[in-house]
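K.L.:
Let the hints inform the model, and build the full structure from the sequences given.
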Amino acid sequence: MNKNTKSLWQSPWGYSESFLLTLGLLLIGFALEFTVGNASFGTIVFPYNLIAGGVYIFLIALVYFLIRKKTVFKFLSGIPASIGAISGLSILVVIMGIIPQIPIEEKGIVTSLGFNRLTTSIPFLFINFYLLFILGMVVIRKLFPVKWKNWGFICSHLGLWITVFSAGLGSGDLQRLRMDLNENQIEGRAYDDKGNYLDLPLAIKLNDFKIEEFHPKLAIVDNTTGSLYEATKPSMIMIEDDLICQLHDWTIIVDEFFVTSGRIGDRYYSIIDFGAAPAAKVRVISHTKDTISGWISCGSFNRPHESLKIDERFSVLMTVPEPKRFSSEVSIFTPDGQKQEQTLEVNKSFTVNGWKIYQLSYDETMGIYSTKSVVEVVKDPWQIFVYIGIFMMMIGSVYMFWRGSKVKNEETLNGISG
Amino acid sequence: MIWNHFLLAAGISASTWLLAAFIPKRELVRNGLVLTGIASIAIFIGFLWISLGRPPLRTLGETRLWYAFFLPIIGFLTYWRWRYNWILYYSLALSLLFLFINYMHPENFSKTLMPALQSPWFVPHVVVYIFAYAFLAASSLVAIRGLYQEYKGQLQPKIMLMADNLVYLGFSFLTLGLLFGALWAKEAWGHYWTWDPKETWAFITWLGYLVYIHRRHQMPSKFKSSLWILALAFVILLICWFGVNYLPSAQYSVHTYSQQP
Ligand code: HEM
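Protein chains in written order, with this note's numbering: chain A, 1 to 418; chain B, 1001 to 1261.
Keep in mind the hints are simulated off the structure, nothing from the lab. Note that this is a predicted model, so its numbers are computed, not measured. Nothing false has been slipped in among the hints.
Keeping only pairs whose Cα atoms sit at most 16 Å apart, straight-line, the calculated EDC-like set for lysine to aspartate or glutamate is:
# : chain 1 : residue 1 : chain 2 : residue 2
1 : B       : Lys1158   : A       : Glu411
2 : B       : Lys1224   : A       : Glu411
3 : A       : Lys348    : B       : Glu1187
4 : A       : Lys210    : A       : Glu183
Part of the chain B face toward chain A, derived, beta carbon under 10 Å:
# : residue
5 : Asp1164
6 : Val1167
7 : Trp1201
8 : Ile1236
For glycine and all other residues, C-beta sits at the position ideal for the given N, C-alpha and C.
P.N.:
Below is the structure:
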């Protein structure tokens, strides 16, 4: 127990030195952020990120060979240094958790220290490099000499290292673009979030866009403000055939309901037509037993909307239906002359030539009549490495669950508090 | 038709599990009853799957069924491995709660789940979090007890072993929850991690317990600082769980609405 008597920076290093190192790193990081700002570094892209990554790994190996016999290696691969680095990261992430991460126009202390875009700030970059360095030392020390009983440790720690390393380096190579597909047209270009168009090594033809909707809902709105009346829950009820329900203070009876309809004269009829909208005949009974009856419809891009006034203050209306599922039947063409038929759906993506294609959206003003489908195409060449890391960590977690804590039980039971 | 089968399945689960709670002494019988209840939900899910002609993962009611199915399975596995009776009963009770919610709200079976949540990752993501929170909350109770004993000057080292094991189990589930979330986000939105406030706080929570684990590993014979770290980690967990919505950063979160359990 000579720890309390040794002075700062005297070997062996412990928690004080570790926290001071982290603090210093953060201070330098923030000072740089404040003076140089973040304008100086953008994301690095292939092949520079590959080179930088290689250099970093080389440096870690080099440092290891230089210091592996020295006491400082014990420190750099030990728990005090680890906890210092983890705490440093925690401080930054707490800031991120409190201050909204959005662009702010006016200059102030928040923007000049990068608090509102922490993930691209210099201190965040520094801490991540430092943490990766320490974690690298930790892993190396446990890897050599190879011992099979360390496999759980290696899975979680090396897995984390691989995940952070490849997700960080790969972020510059990640491309997320959108494509607007129109039925029966071939599209080979995609645009980024600034609206720049790029040619893709593939082309997509939308054969059919399919969408199913939920039934619309009944809601009560305030006549003067037009806002939803939410006195009680539920504040909206989905329309069904023959529905009888209680909405706030009124009983509503659905006498007729058409999923697609059109108004002819004084009533709606079920019709199938481009733009035909849902409509329902409802009876609204107030608590004083007054009954009002009439047609309501949510309308569509080419049909008017119609609500029913139930008294001076309120009207009942039909909400625009929400999508239940939507999908695109597409043909995908690749430069090698291949053609593949696919269905793209939310949560069901398809990968071709290194590009992953996701169903994203459609023309929402057209609803079920949309002939446009918006898909997202994503290229992430580093994904496989991130996945390897993640799966290693998963195995590490399952191992941790199964083995539980074996935190030096002997020492714990003989422990002293303090 | 489907509804009657649901009542039958839920009835079998509820009665077998209630019976199981009354005869905890006969372990074999009790375990048999627990497994029967799980099997009844499994059969109902299978039946629903076949009769709908699609995986039943599209409505709130259907996702609750999966919770009701997976919770007791993980609870049983945990009990089997670690002999914590409470986690078994906790998972059975939660599972019954989900069945009961479905019983009270039959309309949930036809109600919407937004397309982004209609993913096979949704259920495991939520289920492992439920377990992580249960274990970590339990470990904090132990920590509070420990701090009290410490204050009285009669801390029993055994209590630390209990806290450690609970944290290890909870932390393994928490890690799985984060990783499932990341994989799901990648599959659904093309990015693992977007630093959404809820994600950020979940990550801070994770870091807090990470510090505890390592501190304990290094200083197994010192308790006080570790107990305080554990207590603090739980405060962060509570912020993550309930408090996020009140933070300035939360206005921009995708997790603040729509994710009913
Ligand atoms: C996925 C996240 C992590 C998990 C699940 C984890 C878990 C563990 C566990 C269970 C041990 C005890 C090892 C044993 O059984 O012998 C341990 C030890 C250790 N961990 Fe971690 N850890 C994680 C991340 C980290 C990080 C980020 C660092 C440092 C930057 C770190 C540094 C260490 C060190 C230095 C040891 C002591 C190794 C020894 O001397 O035996 N860990 N970790």
